[in-house]
Every structure is written in C-alpha cells, then in structure tokens.
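Residue numbers (this note's numbering), protein chains in the order written: chain A, 1 to 124; chain B, 1 to 278; chain C, 1 to 289.
A portion of the hints provided could be inaccurate.
[Stated by the list, open to error] One-sided excerpt, in silico: chain A residues whose CB lies under 8 Å from chain B: (1) Ile52; (2) Gly62; (3) Thr81.
Honestly, the hints are just simulated from the structure, not real lab data. Don't be surprised by glycine CBs; every beta carbon is placed ideally from N, CA and C.
One-letter residues, chain by chain:
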Amino acid sequence: MKLVISSTGKDMDDSIDPRFGRCSYYIAYDTEKDTFEAVENKSRNATGGAGIQASQAAADLGADAVITTNIGPNAFRVLETAGIKVYSGVTGTVRQAVEGFKNGSLGTTEKPNVGEKFGMGGSN
Amino acid sequence: MIISVASGKGGTGKTSVAVGLARSLGFCQFLDFDVEAPNASFFLKPDIKNEEKVSIKQPYFLKDTGADFSRCAEFCHYNAVAYVKGEVVFFPELCHGCGGCILVGPPGAVREKDVLVGKVLKGKAEPGIDFLVGDLIPGSLRTISVQARLESYINRSEKVILDCPPGTSCSMVTAVKNSDFCILVTEPTPFGLNDLEISVEVLKDLDIPHAVIINRDGIGDSAVQEFCNSNNIKILERIPNDIKIARAYSRGFSIPEVYPEWKERFLAIIDNIEKDVI
Amino acid sequence: MKQITIISGKGGTGKTTLASSFIKLAGDQVAVDCDVDAANLHIMLAPSIRQTSDFIGGEIAVVSQDCIACGRCEELCRFDAIKDSTGDIIIDPLKCEGCGVCLEACPADAIELKSSRQGQYFVSDTDFCPMVHARLDPGAENSGLLVARIRNIAEDIAVNENKKAIIIDGAPGIGCPVIASLNGVDYALIVTEPTLSGISDFKKAHEVTRFFNIEALACINKADINRENCSIISDYCKTNGITMLGEIPYDDMVPRALSSKKFIVDIKDSPAGKKITGFWKVIEERLYS
C-alpha cells in the first residue's frame with residue numbers, strides 16, 4: 001500500500017505538516033517494501049486550488065491513502081473521487097503516522113475536517 | 001467629461017463626495033463601480049427600472065461519454081479542473097470562464113452554461129441623474145466581470161461621475177481608467193497619507209490628471225497637506241470633521257442636504273476640474 | 001495554532017486600529033497585513049524588515065513578431081483583452097487574465113504567457129512578534145494571489161516557531177484579497193459602523209464568512225453616530241449567530257493617537273482604548289484555547 005503523508009521535511013522523523021495543500025513535502029511510503037521517497041510540494045504557492053493540485057499529485061504518486069492534519073473540502077473531494085482514503089487530524093512525526101496506520105489506530109475521515117477552506121481563485 | 005472619485009484608503013468619503021457632486025449637478029450620469037460594496041444608492045435613492053444579470057460561461061462535463069478530460073485539467077491555469085482515476089472534478093468557484101475546457105477538451109463532451117456572478121441595475125435618481133450600479137454576489141471572485149458590464153454603459157456625452165472602490169489595485173484601476181480626471185479623497189492621518197501616496201503613483205502611471213479633497217479636516221495632522229504642496233497636487237476642497245455630517249451620512253443624507261451652501265462648493269469643484277482638463 | 005482575520009466590508013471602520021491593538025496585546029503571535037493594496041499596519045507596528053522577496057504575479061499574454069493577425073485570439077478572448085487595431089494585435093495587460101486560451105489557439109505560435117513582478121513581500125520583526133506584509137506595485141493585479149502567499153509564509157513561521165496565534169489585518173470589500181485573507185481561519189471579526197452603508201456592507205462581509213464556514217464576531221465602531229442603526233446591527237447579529245463583542249464610542253483620541261503613532265490601548269482614559277482592550281480579552285480566550 002502507498003501512503004502519502006504531508007511533511008515539514010524530507011525525513012521519516014520530521015513532523016507532519018498540518019496543511020495538506022500547502023505543506024512543504026510529501027512523503028510517499030510503501031508499506032510492503034518499507035521504503036519511502038520525499039517529494040517537494042510544487043503547489044505550495046499555487047494560484048489557487050493548492051489542495052486540488054496536491055490531491056492530483058498524491059493520486060499521480062499512486063496513493064492509496066493520505067495522512068495529514070488539516071484537509072479542506074476541495075482537496076477532499078478530489079481524493080474521494082479518486083478513491084483515496086483520508087486520515088486527517090493526525091499529528092506527530094511521519095514515522096509515528098505510519099506506525100499508527102499499521103496498527104490500525106488512525107481513524108478514516110468521512111468529510112473534510114476544516115471549515116470550507118477555499119484556495120482562492122487565481123485572481124486578477 | 002468623466003470624473004472618478006477614488007481613494008487608496010477605504011472609508012475616507014469617496015461616496016460622500018461622489019454623491020455630493022452628482023446631487024449638486026442634478027443632471028448627470030452616476031455609476032457606482034464599487035461592485036463589492038456599493039453604497040451610493042443609500043444617498044441617491046434611485047428608482048431602479050432595469051436589472052441586468054451578469055454571468056460567465058462555465059463548463060460542464062458529459063461524464064457518461066467516458067471521454068478523457070485530462071487535457072482540461074492540465075490546461076486550466078486556475079486549478080478549477082482535476083482529473084483523477086478517470087473522473088473529472090470541477091470547482092466552479094475557481095473557474096474564470098475562459099472557455100479553455102471547450103477548446104482543448106474532448107470535442108462534444110464539454111459544454112457550457114451561464115453562471116450568475118452579479119448584476120447591473122439601472123435607474124433614475126432625482127432630479128435627473130442616470131444611475132447605474134454593479135452588484136457582485138458575495139463569495140464570487142468576478143468583480144472584474146461586473147465592472148466590465150457596467151463600463152459598457154458609460155455615456156461620454158453626459159457629465160459622468162464614477163464612484164470607485166477603495167484600494168489601488170485592479171478593481172480601482174478598472175474603474176478609474178475610464179475617467180478624464182480623478183479626485184482622490186483622503187483623511188489627514190498617517191493612514192490617509194500612506195494610501196494617498198500609493199494612489200497618486202497609480203494615477204501617474206495611468207496618466208490621469210488628479211487632485212485631492214481632504215475629508216474630516218482637523219482630526220489628525222498636516223502631513224497630507226504638506227505632501228500635496230511638495231508634489232504640486234491641488235487640494236480642491238476640505239470637508240470639515242463635523243458630527244452633523246457624520247450623523248446625516250449614517251441616515252443616507254448627503255452633504256448638500258445638510259448644508260445647502262455645499263451645492264455651490266461642489267459645483268465650484270467641477271468648474272475647477274473642467275478648467276484644468278480643458 | 002488558531003487564526004483570526006479582521007474584516008469590514010466597508011472601508012474605514014477601524015480594522016487596522018483594532019488589529020494593531022490586538023497584536024500589541026497578544027503573545028506568541030504572528031501578524032499579517034493582508035491589505036496589500038493599501039497596507040497600513042506597518043505604520044503602527046514599525047517593522048524592521050529581515051527578508052524581502054519579489055512577488056511574481058500571474059501571467060499575462062504577450063504577442064510576438066510572428067503574429068499573422070488572423071484574429072483568432074481576439075475571437076476567443078472572453079475578457080475583451082485583445083483588440084485588432086489597424087492590423088496589429090494588441091493585448092491589454094489590464095484586462096488579460098492569463099488563461100492561456102489565445103496561446104493555445106494561435107496558429108503561428110506567436111503568443112507567450114509571461115509573468116512579471118507585481119510587488120514585494122516582507123518578513124519582519126516588530127516589538128511584539130514576527131510580521132508578514134507586502135507591497136503591491138501600483139496598479140498591479142493578483143492582489144489575492146499575493147495575500148495567499150503571505151498567509152502561507154505566516155503559517156510557516158507559526159509552525160516553525162511554535163506560535164499560538166496568527167492575527168490578520170484584512171482588506172476592505174469582499175473580493176479576492178478578502179477571500180484569500182479568510183481562507184482557513186478560525187474566526188473573522190467584522191468591524192462595522194452604524195451607517196446605512198456600514199450595515200449593508202456588514203451583511204455582505206458576513207455572507208462571505210458564512211459561505212466559507214468561518215465563525216463570525218462583530219463590533220460596532222463610532223457607535224454613538226446613530227443608536228438606531230446600532231440596534232439594527234445587534235438584532236441582525238442575534239438572528240444570525242454572530243457574537244457581538246460590543247460598541248466603541250466615537251473617540252477623537254483615536255486619530256490623534258494614530259498621528260503620534262501611539263496605540264489607542266495605551267492611551268489612558270481613552271473610551272475606545274478601554275473597549276478594544278475588553279474585546280481582546282474575549283478574542284484571546286478563543287484564540288488560545
């Protein structure tokens with residue numbers, strides 16, 4: 001299974017970045033091979049819909065599940081459409097999140113956990 | 001002759017001045033370009049005769065065709081379209097209505113429909129003011145679309161007063177660039193001065209002649225005056241800090257309605273401007 | 001970490017006066033000035049800039065010599081930005097929204113999307129906390145984009161430096177910069193005044209907070225101008241679940257304090273100062289809980 005976790009750094013021991021769409025890095029962790037890769041989040045400063053781009057990026061990475069703290073409705077919608085499970089409200093390090101996932105202590109999220117976040121539209 | 005009334009800082013008295021000018025002229029065209037928060041109607045109390053919807057065309061995707069919409073997602077500069085695992089996800093609040101989806105998407109599988117973003121209202125205010133106002137739907141980003149529709153009604157053969165939105169960026173520029181002359185309304189405080197300096201730069205870049213009216217004269221300091229003097233910017237008038245004016249404003253009454261002598265003073269402002277422009 | 005944005009709908013109601021007062025009274029905070037068009041917060045907070053960055057805005061279409069003047073771009077442009085003037089295609093940078101349709105449609109590959117600097121943003125230190133602010137170049141576009149950028153940076157600082165609160169001074173109106181300054185915050189304080197314009201714009205500002213599901217608080221500034229209108233506003237708040245913090249009387253010490261760059265909450269015997277300090281206590285409880 002591929003887990004994509006929003007991270008403040010490139011390492012498994014870095015803290016989870018609380019903002020899914022605008023986090024610094026994504027850690028894509030493969031549960032079968034116990035390997036990971038860190039990918040820079042290029043959508044950080046997106047015109048709008050950073051969460052949407054981030055979700056698209058997570059889908060492109062082959063994510064089966066996303067783990068983060070805060071996720072807004074736009075990003076959630078894309079992940080839901082792609083059939084990717086969302087675990088939100090998670091804090092701690094990336095490693096702790098992976099452990100939590102493995103021992104089943106993370107609960108999935110049915111809906112976005114923050115108020116209608118709106119990546120502001122590319123304004124003119 | 002088109003006169004715009006603007007100000008970098010909000011709440012300095014743009015609408016008070018614009019309405020004062022229009023009421024004193026009696027016969028003119030008045031357009032409220034502050035489409036996010038239009039207020040002139042409270043003072044001019046127009047009889048609205050006509051309401052025109054402002055819409056943009058947004059795409060909808062015929063998902064049952066099983067077509068591949070990935071080009072739409074790749075193309076969109078505003079991230080309004082995502083395409084994951086063969087499913088398209090559309091975000092109308094981010095969409096500018098550019099028509100790109102129709103252009104690059106699978107032929108016949110993307111169509112468009114009108115989506116309301118605001119309206120333009122037209123009417124008449126006493127005694128002979130042609131009144132127009134733009135009104136944006138709260139939550140919509142399309143200030144510019146509503147302003148663009150409003151712009152199309154400017155009647156160059158009349159004396160025209162434009163009540164502009166605050167600020168110095170695109171919505172202010174969109175309003176002001178239609179004018180022959182811009183009156184900048186400010187207050188004599190550090191905030192007023194700071195924003196006046198920025199507004200002046202904008203008008204210089206747009207090559208629009210301008211002058212200043214100081215409102216709530218007396219509340220702060222003389223820095224605005226000094227700035228105008230050192231930069232050869234004419235101070236057309238000073239409106240005093242007067243609780244009577246403030247109270248009347250709160251109830252929808254304009255300055256000439258409280259102090260009739262101001263009708264002449266507003267007309268003198270227009271004469272002054274006409275001399276400058278001609 | 002929680003965030004509050006101070007907005008108004010109508011300009012000039014006292015956003016920056018309140019925001020700067022709260023920033024002064026708070027602890028463990030980051031300050032952000034999202035009124036990038038006409039930034040005023042720095043006048044009160046006197047920031048020393050430690051980092052300046054160029055803000056490259058959204059793109060604008062530019063046409064090159066390869067243009068064959070077929071007019072396809074003009075036909076397709078939805079924003080009225082392209083004009084065929086005596087056989088030359090001219091793109092109006094003020095109207096162009098950088099959508100890329102003309103570029104896509106051009107048979108001669110003569111159009112490019114170019115970004116240009118639209119302003120600058122700064123990370124600064126103040127006597128109270130780090131501050132993120134910006135300066136849009138006069139007449140520039142994408143003010144909403146710039147607001148999103150500085151919000152992002154403020155959140156980075158808060159995450160990295162373990163700050164408990166972000167206090168955001170918003171812009172007037174209800175357009176893109178305001179929406180960007182409300183994106184993802186926990187609370188919005190709507191500052192209004194008891195005038196017809198104030199009431200109307202207050203309702204619009206409230207609609208925006210409701211649209212984005214943000215808890216709204218309110219206060220009425222210069223309340224004694226019109227007591228009747230104050231009641232109208234209070235009733236509206238009751239009906240709509242907006243927490244009314246209270247009323248600030250008209251106080252001529254406010255502009256005078258501003259002119260001497262003093263905080264109104266530091267002015268002894270200022271009625272406005274007392275009220276604002278009281279409001280902060282209520283907000284503090286929510287922000288730091």
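Hint-by-hint comparison with the structure:
1. Interface restraint check: Ile52 of chain A against chain B, minimum CB-CB distance 5 Å, threshold 8 Å, status holds.
2. Residue-level restraint check for Gly62 of chain A is violated (minimum Cβ-Cβ distance to chain B is 11 Å; threshold 8 Å).
3. Taking 8 Å as the C-beta cut-off, the interface hint given for Thr81 of chain A holds, the closest approach to chain B being about 5 Å.
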